[in-house]
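*Asks:* Chains A and B are the protein sequences, given in the same order.
Taking the working numbering, I'd label the letters of the first sequence as residues 297 to 596.
Taking the working numbering, I'd label the letters of the second sequence as residues 297 to 596.
Check the hints yourself; a few may be wrong.
You can't tell identical chains apart in this list, so a pair holds if it fits in one copy or across any two.
As the list claims (entries may be wrong) - Once the Cα atoms are required to be at most 25 angstroms apart in a straight line, the calculated DSS-like pairs of lysine-lysine come out as: (1) Lys-344 - Lys-535; (2) Lys-344 - Lys-486; (3) Lys-496 - Lys-391; (4) Lys-567 - Lys-344; (5) Lys-448 - Lys-567; (6) Lys-344 - Lys-517; (7) Lys-567 - Lys-535; (8) Lys-567 - Lys-346; (9) Lys-498 - Lys-535; (10) Lys-457 - Lys-535.
Quick caveat, the hints were computed from the structure, so don't treat them as lab data.
2 protein chains.
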Amino acid sequence: MLAVTILGNNSAIPAYGRHPTSQIVTTSDDLIMFDCGEGSQIQIMNFKIKRSRINHIFISHLHGDHYFGLIGLLSSLALLGRIQPLSVYGPAPLKEIIELQFQISNTSLPFQFTFHAIEEAGLLLDAKNYTVECFPTKHRIECWGFLVREKKQPRKINMDKLAPYDIDTALFPSLQKGEDYVAADGTVIKNDLLTDANTKAKSYAFCADTVYDEELVPIIKDVDMIYHETTYPAVLAEKATERHHSTSKQAATIALLANNSRLLIGHFSAKFEDIGQFEREAQEVFAATEIAREGTTYLV
Amino acid sequence: MLAVTILGNNSAIPAYGRHPTSQIVTTSDDLIMFDCGEGSQIQIMNFKIKRSRINHIFISHLHGDHYFGLIGLLSSLALLGRIQPLSVYGPAPLKEIIELQFQISNTSLPFQFTFHAIEEAGLLLDAKNYTVECFPTKHRIECWGFLVREKKQPRKINMDKLAPYDIDTALFPSLQKGEDYVAADGTVIKNDLLTDANTKAKSYAFCADTVYDEELVPIIKDVDMIYHETTYPAVLAEKATERHHSTSKQAATIALLANNSRLLIGHFSAKFEDIGQFEREAQEVFAATEIAREGTTYLV
Chain A
297 MLAVTILGNN
307 SAIPAYGRHP
317 TSQIVTTSDD
327 LIMFDCGEGS
337 QIQIMNFKIK
347 RSRINHIFIS
357 HLHGDHYFGL
367 IGLLSSLALL
377 GRIQPLSVYG
387 PAPLKEIIEL
397 QFQISNTSLP
407 FQFTFHAIEE
417 AGLLLDAKNY
427 TVECFPTKHR
437 IECWGFLVRE
447 KKQPRKINMD
457 KLAPYDIDTA
467 LFPSLQKGED
477 YVAADGTVIK
487 NDLLTDANTK
497 AKSYAFCADT
507 VYDEELVPII
517 KDVDMIYHET
527 TYPAVLAEKA
537 TERHHSTSKQ
547 AATIALLANN
557 SRLLIGHFSA
567 KFEDIGQFER
577 EAQEVFAATE
587 IAREGTTYLV
Chain B
297 MLAVTILGNN
307 SAIPAYGRHP
317 TSQIVTTSDD
327 LIMFDCGEGS
337 QIQIMNFKIK
347 RSRINHIFIS
357 HLHGDHYFGL
367 IGLLSSLALL
377 GRIQPLSVYG
387 PAPLKEIIEL
397 QFQISNTSLP
407 FQFTFHAIEE
417 AGLLLDAKNY
427 TVECFPTKHR
437 IECWGFLVRE
447 KKQPRKINMD
457 KLAPYDIDTA
467 LFPSLQKGED
477 YVAADGTVIK
487 NDLLTDANTK
497 AKSYAFCADT
507 VYDEELVPII
517 KDVDMIYHET
527 TYPAVLAEKA
537 TERHHSTSKQ
547 AATIALLANN
557 SRLLIGHFSA
567 KFEDIGQFER
577 EAQEVFAATE
587 IAREGTTYLV
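Can you make the complete structure from the sequences, with help from the hints?
*Replies:* Structure, rendered in structure tokens:
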């Protein structure tokens with residue numbers, strides 16, 4: 297189970313009812329959050345997301361539209377009496393920003409709060425049923441994308457297939473791992489004659505804020521669904537490069553090169569009331585493009 | 297001209313569509329803001345308030361529900377290319393919180409930004425047509441209330457009244473100040489035979505977060521309209537005292553003792569969906585009580 301719910305799809309200045317960046321990813325274990333722009337805790341309420349189930353928050357970079365809502369969310373969780381641990385992953389200075397504000401307001405959190413400073417690309421979180429890795433993107437300041445991968449599910453024992461054989465249940469775990477069965481007389485029964493494949497492990501990449509960068513392609517190659525920013529329409533490619541952002545067609549090109557199944561686009565400039573043009577332009581390059589709509593959940 | 301527009305009327309946790317504390321005061325000169333909870337910049341857009349006209353922002357205290365929206369508002373004003381100066385008044389540590397975040401995001405403001413640390417009760421701002429004073433309130437941390445007073449308007453020259461006399465226009469300013477006219481022959485013409493009184497200078501007090509405190513009464517005595525928090529209904533008076541907050545009836549008692557004409561109540565606990573009870577309870581003590589409704593403008 298991997299799904300993405302959009303809380304905010306706009307760039308820096310909120311506009312036309314659109315909010316700054318934030319997404320909730322639903323996994324089989326819990327909820328995780330990618331970025332937390334101002335008002336994210338209000339969007340969480342608007343969309344009836346169980347905030348108590350959020351265990352991990354990942355902040356891509358320290359431009360305000362990606363983290364100004366974090367301190368308010370943490371404060372509210374504290375006031376609500378949360379007790380489960382909560383982890384935040386982000387650029388190192390975020391720790392100081394959070395701690396300074398809690399210190400000044402005499403706030404002590406009732407839950408265990410752990411801050412993980414992101415220092416290099418690699419594995420950030422190894423949960424029961426998924427992992428989260430980070431990778432650098434090219435923006436005006438230090439910026440990280442996040443890649444969540446479901447773990448490969450064990451193969452399913454098929455009792456009908458097993459019926460002709462007399463196999464000890466103690467061997468089931470090895471069958472689930474895909475091993476063949478070796479009978480006492482040395483006969484080998486191929487694993488796929490005994491088990492079925494489980495649902496495919498899915499993956500989702502949140503590519504944060506980034507200039508058009510083909511170095512992302514090998515990192516997100518074959519990932520099922522990606523989110524890539526499209527701050528500007530195609531005609532403003534020069535401005536996009538100058539501001540270290542991307543256009544609709546650039547985002548679509550990355551998804552095409554990376555062989556993704558699906559592309560979500562967002563981080564629209566506040567200058568544009570009609571965001572339909574971003575979708576149309578991207579679809580010319582990569583048909584499976586959709587606007588990341590606030591309040592909508594996309595099943596990976 | 298003095299009017300108050302409510303952006304947020306809830307206490308710490310946003311709930312039932314209610315937002316944390318923020319108010320815009322419209323004066324004859326410009327707009328000023330009292331507190332700036334998370335999402336205030338979005339409320340400003342929702343209610344079509346001209347953010348470029350806000351010149352002064354006053355922060356009562358450093359509990360997050362009163363200032364977490366400030367950094368986002370300042371960032372958006374910067375991105376929008378504001379050039380007029382902007383002043384923020386608040387407890388001293390707020391400066392560090394703002395500067396740290398701008399420094400980390402490499403933000404340089406395109407407008408002149410001045411931070412005034414509030415250190416003692418008294419005059420904070422002396423504008424053309426109004427003043428703003430601060431006064432301490434009793435809360436869990438350092439907290440300030442704000443009192444805005446229109447300046448007394450000059451008396452209006454009445455040309456009909458002046459007709460019988462031959463008065464040099466050079467004397468008009470002294471007449472507007474209320475001085476009598478002394479003719480060349482020593483005759484004294486009383487000022488009110490020559491001029492009319494202007495509209496009464498109005499006043500409004502924002503009493504921030506506070507426990508029930510009769511020491512506020514002399515400070516806000518005879519002020520036309522006050523806002524007083526009512527975090528809890530009357531039955532929770534003990535909890536209110538313990539949390540350094542007030543109840544509906546306590547707020548109303550302050551307005552009654554201070555001889556105010558009108559009371560706005562807000563900062564409702566997130567535990568209460570129906571806030572009508574707060575109004576009914578307060579009105580039993582002080583009839584001219586109204587809920588400070590988000591999006592509503594109250595003319596003082």
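*Asks:* Next step is simple, just say for each hint if it's right about the structure.
*Replies:* Outcome of the hint check:
For the identical chains of this complex, Lys-344 and Lys-535 are neighbours neither inside a copy (37 angstroms) nor across copies (29 angstroms), given an alpha-carbon limit of 25 angstroms. Taking the shortest Cα distances, Lys-344 and Lys-486 never come within 25 angstroms of each other, neither inside one copy (47 angstroms) nor across copies (69 angstroms). Proximity of Lys-496 to Lys-391 under the C-alpha cut-off of 25 angstroms is found in neither arrangement, the shortest distances being 37 angstroms within a copy and 51 angstroms between copies. In this homomeric assembly, Lys-567 and Lys-344 come within 25 angstroms of each other (Cα to Cα) only across copies, at 17 angstroms, whereas the closest approach inside a single copy is 29 angstroms.
In this assembly of identical chains, Lys-448 and Lys-567 lie within 25 angstroms of each other by CA distance neither inside one copy nor across copies; the values are 43 angstroms within and 43 angstroms between. Neither within a single protomer nor between protomers do Lys-344 and Lys-517 lie at most 25 angstroms apart by alpha-carbon distance, with minima of 33 angstroms and 45 angstroms respectively. In this assembly of identical chains, Lys-567 and Lys-535 lie within 25 angstroms of each other by CA distance solely inside one copy; the values are 13 angstroms within and 48 angstroms between copies. When the C-alpha separation of Lys-567 and Lys-346 is checked against a cutoff of 25 angstroms, the pair qualifies only between copies, where the shortest distance is 17 angstroms, while the shortest distance within a copy is 33 angstroms.
When the C-alpha separation of Lys-498 and Lys-535 is checked against a cutoff of 25 angstroms, the pair qualifies neither within a copy, at 35 angstroms, nor between copies, at 50 angstroms. Neither within a single protomer nor between protomers do Lys-457 and Lys-535 lie at most 25 angstroms apart by alpha-carbon distance, with minima of 61 angstroms and 65 angstroms respectively.
In this structure, the earlier hints numbered 1, 2, 3, 5, 6, 9, 10 are contradicted, and the remaining ones agree with it.
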